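Engineer: Spelled out, the chains give:
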Amino acid sequence: MAAPSLSFSRPVFAKLSPHPYLLRTLAPQPPSDAAASRTNGRAPQEARPVHIHTSSLSHAHGSALVRTGDTTVICGVRGEVLPVANIPQYRPQATQQQQDDGDERADERGGLGRGELKDYDLLVPNIELATGCAPQFLPGVPPTTLAQTLSTRVYSLLHSCRVVDPKSLRIWYTPPTEVGNNMDTEEQQRQQEEADDGDDGPQLVAYWVLYIDLLFVSLDGNPFDAAWAAVMAALRDTKLPAVRWDPDRQAAVLQNNSQPTTTTATAAAAVPGQGKNSIKTTPLPVAGLPVACTAAVFPEKKHGGESMAASAAATVGNRHWILLDPDRSEETLCGETITMVVDCSSGGGGGETRIKSIEKQGGVVLGRELIRGFAGVAEKRWKEVRDAMQ
Amino acid sequence: MTVIPEATLSVLPRADGSARYAHAGYTVTASVNGPIEAQRRDEHAFEAHVDVVVRPAAGTGGTRERHLESIIESSLTQLILVKNFPRQLIQIVLQIETTPDNDYVNTKLVQASLNFPIVPSLLQAAVLALISAAVPMRATATASVVAVVSQEGTKRLVVDPSPRDLEQAQSVHVLAFTSHDELLLAESEGDFTVKEWDGVYEAALKICCRPTSTKAGIDVMLDDSEDAAGSDMRQFLRSTVEAKVAADLYWK
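As given, the protein sequences belong to chains A and B, one line each in that order.
Numbered per full-length UniProt numbering, the first sequence spans residues 1 to 390.
Numbered per full-length UniProt numbering, the second sequence spans residues 1 to 252.
By construction, these hints were calculated from the structure, which means they are not laboratory data.
All values reported here derive from a predicted model rather than from experimental measurement.
Don't take each hint at face value.
[What the hints assert, rightly or not] Result set (BS3-like, lysine-lysine): computed pairs, CA atoms no more than 27 Å apart in a straight line:
| id | chain 1 | residue 1 | chain 2 | residue 2 |
| --- | --- | --- | --- | --- |
| 1 | A | K380 | B | K206 |
| 2 | B | K195 | B | K206 |
| 3 | B | K195 | A | K383 |
[As the list claims (entries may be wrong)] If you want a taste of the chain B side facing chain A, the calculated C-beta under 10 Å gives, among others:
| id | residue |
| --- | --- |
| 4 | L157 |
| 5 | F192 |
| 6 | E196 |
Glycine is no exception: its CB is placed at the ideal position from the N, C-alpha and C atoms.
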């Protein structure tokens with residue numbers, strides 16, 4: 001009774017039943033001497049190498065292209081000037097008068113410094129998953145849940161990590177102390193008013209708003225790590241043009257040494273690439289280098305939420321693998337994911353690793369010990385990404 | 001602001017199950033309908049689709065609500081025996097009714113990183129509503145939020161932090177445990193070390209998974225004096241359901 005042998009080629013097997021296929025490669029049967037690996041040839045704890053290219057967009061103030069495997073994301077940072085007069089619910093803060101010592105105290109408390117960024121929305125990230133970056137993204141649909149979730153995560157991480165110092169986004173104006181000799185009464189009156197307000201010192205007149213736009217060119221799993229690396233690389237690459245406030249026009253104008261003609265910052269900022277050499281720019285200070293590291297848990301049993309009886313019977317065969325930097329096919333098979341954001345940059349690498357964020361959801365495999373151990377994996381990933389950034 | 005959690009089961013007459021949960025200034029009403037027929041695009045051949053909708057207290061839901069929905073959904077999918085209901089849908093609607101006020105910050109509709117403190121309330125309300133709807137579950141879950149606040153050089157843990165505490169907190173952590181003491185959900189943000197996270201884990205475990213036996217009464221009393229705000233979530237869940245069952249079976 002010779003049954004016809006059913007044998008499929010590898011791609012067909014992978015397509016038909018992805019879960020057993022991945023399971024078989026991770027846990028090879030005894031006769032085969034193949035080493036345990038994932039279907040993409042990586043070891044379970046092996047991440048894809050990161051490639052980062054900065055300043056590739058000529059019309060943004062800072063940009064970065066990040067590629068890990070087949071996940072490619074491009075990030076552009078653009079600064080726009082927001083005069084305080086245009087901010088609804090603007091609350092002048094005590095920091096304006098004592099801009100040096102007052103600020104430091106506020107930052108230590110973690111109150112006002114962060115409040116500015118949050119209250120006036122000075123950081124505006126947006127993520128777009130381009131049509132065709134992965135098969136599930138169709139044209140002409142509203143932003144998917146994935147895109148919305150990703151931008152919320154990037155948004156809250158930008159604030160909680162305090163990578164951008166609000167001080168570097170403030171635009172100051174110092175009223176001239178010398179007044180012309182033909183001062184008429186009207187001007188005198190204005191001077192009087194200003195003196196009453198106590199506005200002799202530098203005034204905070206505007207803020208830079210950073211629009212951080214991310215576009216996924218292709219998506220092959222692990223979008224958050226790539227997106228966050230792109231945001232960090234682009235922010236580190238950002239150079240804001242030096243501007244000064246023109247009180248007559250109530251606008252910021254470029255501090256341009258070579259050409260005396262002033263342009264409004266917004267107009268000039270539209271073409272930062274044009275005459276780049278002549279425009280004075282200051283690099284945006286970025287504090288620390290948080291790096292995201294994601295892993296997914298691949299359970300031996302298909303469809304994670306097993307019933308009581310099954311879980312009791314099959315505790316022995318209930319193995320799991322932690323797959324670092326999962327690709328798209330692995331993501332569809334894994335329910336539980338963990339993302340840890342670490343920063344080892346403080347203290348010259350010798351200091352204690354600071355964890356900036358942990359997001360673990362969708363399962364119960366990762367307990368306390370595994371999460372603790374995952375910090376070491378994240379540290380290793382941090383070094384890889386840091387090397388790629390330099 | 002309620003320090004002790006309060007809950008009522010089956011508050012909505014039309015839904016299959018519902019619950020109202022109030023804790024630490026948040027009030028959430030949850031309704032559960034299911035298992036019902038799923039739309040074609042949501043249908044899964046082997047398991048039920050869990051659909052979570054989070055509605056904010058004011059305005060329409062935005063990206064933040066989508067994020068909360070995805071967190072809650074991935075946790076509840078682990079609890080509900082989804083494989084018992086292939087091609088079905090279990091819909092959970094979570095309406096946020098009140099959130100604690102903070103006089104010190106600008107109140108904006110869209111807030112960054114204020115997502116976490118509401119997660120325990122949402123999860124707790126959802127679990128209670130699922131019990132009320134008699135949806136078969138593998139386990140129940142309890143959740144708590146812990147903040148690490150640094151004051152005069154010393155770090156201290158604040159359970160159920162107020163908005164003002166959150167503003168000054170170094171890190172904020174949300175942890176949820178199943179009734180088998182497994183870590184179901186861990187969301188943290190801020191600036192912390194592995195050691196600090198361990199301390200937070202201990203504190204959250206104490207709140208969420210305190211053994212219900214009365215033998216450990218003395219220990220419990222000592223713990224209570226240590227962190228006064230830490231309530232026993234598992235006991236609370238049990239007593240809420242017990243009270244409801246007792247009320248329903250009163251006629252017998």
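Engineer: Work down the list of hints and note, for each, if the structure agrees.
Structural biologist: Cross-check of the supplied hints:
no.	hint	in the structure
1	K380/A - K206/B	violated, 32 Å
2	K195/B - K206/B	holds, 17 Å
3	K195/B - K383/A	holds, 21 Å
4	L157	violated, 16 Å
5	F192	holds, 5 Å
6	E196	holds, 8 Å
The structure shown violates the earlier hints numbered 1 and 4.
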